[in-house]
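Trainee: What follows is the residue order along each chain.
Number of protein chains: 2
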Amino acid sequence: MKQAGFSTYLYANTELDDDLIRSITENCRSVWYKKNEFLLRQGDICRQVFFVEQGLLRQYSIDEKGKEHILYFAPENWLVADRESIFFNEPGSYFIQALEDSKVTIADQSFINNLAEHNPSFLTFNNRLLHNHIRHLQKRITQLLSATAEERYLDFIKIYPDILLRVPQAMVASYLGITPESLSRVRKDLAQRHFKS
Amino acid sequence: MKQAGFSTYLYANTELDDDLIRSITENCRSVWYKKNEFLLRQGDICRQVFFVEQGLLRQYSIDEKGKEHILYFAPENWLVADRESIFFNEPGSYFIQALEDSKVTIADQSFINNLAEHNPSFLTFNNRLLHNHIRHLQKRITQLLSATAEERYLDFIKIYPDILLRVPQAMVASYLGITPESLSRVRKDLAQRHFKS
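If you read the sequences in order, they're chains U and F. The first sequence begins at 22 in the working numbering and counts up by one. The second sequence begins at 22 in the working numbering and counts up by one.
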C-alpha cells in the first residue's frame, strides 16, 4: 500500500532546513482514521491541518436539501484543512471524512501560525499552498461553467489518476457536477473510441 | 456617480497606520480606462493590483471554443488582480477588462511584496484578501454544483446589488452558468411572485 511521509513531503516541496523539518514533524502526531470516520464536521471550527500519509479523505458540504457537494478528494501526499474556518475562526462549511482507513499526520494551527510568524521560508511555503489552492479552485469554476462531461472526466483523471478505482462512481459524478448516467456514458464512449484506435 | 477612494478603503479595511496608508497611496497611481479597454490580457504576466475607484471591471477567460467565462465582476471598492499569475510569475489565464469607463488605482506588485515582507499588519491584510478570495471561490463551486437558476440569481443580487443594471443580461447569465433564456424566466417568475405577495 502506498505511504507518504510528511518529512519526505516537506523536503521535496519546501526549502526549509533540516532542523526546522525535524522540529515540525516532532510537533505533529499521526492518527489512524477508520473508513467513514470524520476528521472535521460542518459547523466545527477547524484548528488543524491534515497531511494524508496513507488512505484517502474528502472535503465536502451538505446543502439544505441534504445533497452532498465534494470540494475535493485528498489521497496520499495531500494537505487538507478548512482554511476558511481556520483563518476567520468561524464554524466551517465542510466535512472532512476518511473514505478509506487512513493514516493522517496532524499539525495544530497554533503551531503553524507560530512558524509562519517567525520563519520567512515557512511563510513562503504556506503562501504557495494558498495560491495553489486558488489556482485549483479557479480552474474548477471555469470547468464547471464550460467543460463537457467528457472534458471534466479527462481532467479528473489527470488530477486524480487512481481515485476512480477507490471511490464509488456516484461520488466521482458528484465531484464533476454531472449525473452518474452521464459519467457511465462518457466512460463507455471513451472505452469504445480507445478500442477502435 | 459613485466613487471610492483607495485610502478610505484602507482605513476601513485594515489596521495600517496613517503613515503607511499615506506611503501606499503615494506609491500608487490613478488611471482612467475607457469602456472595453483591457488592463490585462490572457497570456500576460500580471504585475499589478487594481483597485476600482469608479466604474466596473470584469476578470474572465476565453476557452478553446471561443466562449467567455466570467470569474467575477469588480465594481467600486473591489481589488482585482490575477493572483495566480502574480504569485507563480506565469502567463495568466485571464483578461481584466473595463466594462464602463473606469478610474483605477494601480499598485505595483514589487511594491506590495516589499510591504508584505516588512510590515506584519500589511501581511495580515493581504492574507485576509487571499482567504476572502478562497471563500468566494469555494462558495461559487458549491453553487455551480448544486444551486437552481433562481438560487444563483438571488445570490448574485446579494453579492452585486447594482450590477444587473450595468451589464448585459447575457453576461450575468454567463457568470451564473445558465442560459440567458433561463435567466429571463427566473426574473419573470420572481417579479410575478413579488407582485402577488
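If you are wondering where the hints come from, they were derived from the structure by calculation, not from laboratory data. There could be a bad hint or two in this list.
Copies of the same chain are indistinguishable here, so a pair counts whether it falls within one copy or spans any two.
[Stated by the list, open to error] Calculated cross-link-like contacts (lysine-lysine; reagent style DSS-like; alpha-carbon spacing at most 27 Å):
{"no.": "1", "residue 1": "56", "residue 2": "209"}
{"no.": "2", "residue 1": "209", "residue 2": "160"}
{"no.": "3", "residue 1": "124", "residue 2": "86"}
{"no.": "4", "residue 1": "209", "residue 2": "86"}
{"no.": "5", "residue 1": "160", "residue 2": "88"}
{"no.": "6", "residue 1": "209", "residue 2": "124"}
{"no.": "7", "residue 1": "209", "residue 2": "55"}
Trainee: Would you mind marking each hint as holding or not holding in the structure?
Mentor: These are the hints, each one checked on the structure:
| no. | hint | result |
| --- | --- | --- |
| 1 | 56 x 209 | neither (30 Å within a copy, 47 Å between copies) |
| 2 | 209 x 160 | within (26 Å within a copy, 32 Å between copies) |
| 3 | 124 x 86 | neither (32 Å within a copy, 43 Å between copies) |
| 4 | 209 x 86 | between (31 Å within a copy, 24 Å between copies) |
| 5 | 160 x 88 | both (23 Å within a copy, 15 Å between copies) |
| 6 | 209 x 124 | neither (34 Å within a copy, 53 Å between copies) |
| 7 | 209 x 55 | neither (33 Å within a copy, 50 Å between copies) |
In this structure, the hints that do not hold are numbers 1, 3, 6 and 7, in rising order.
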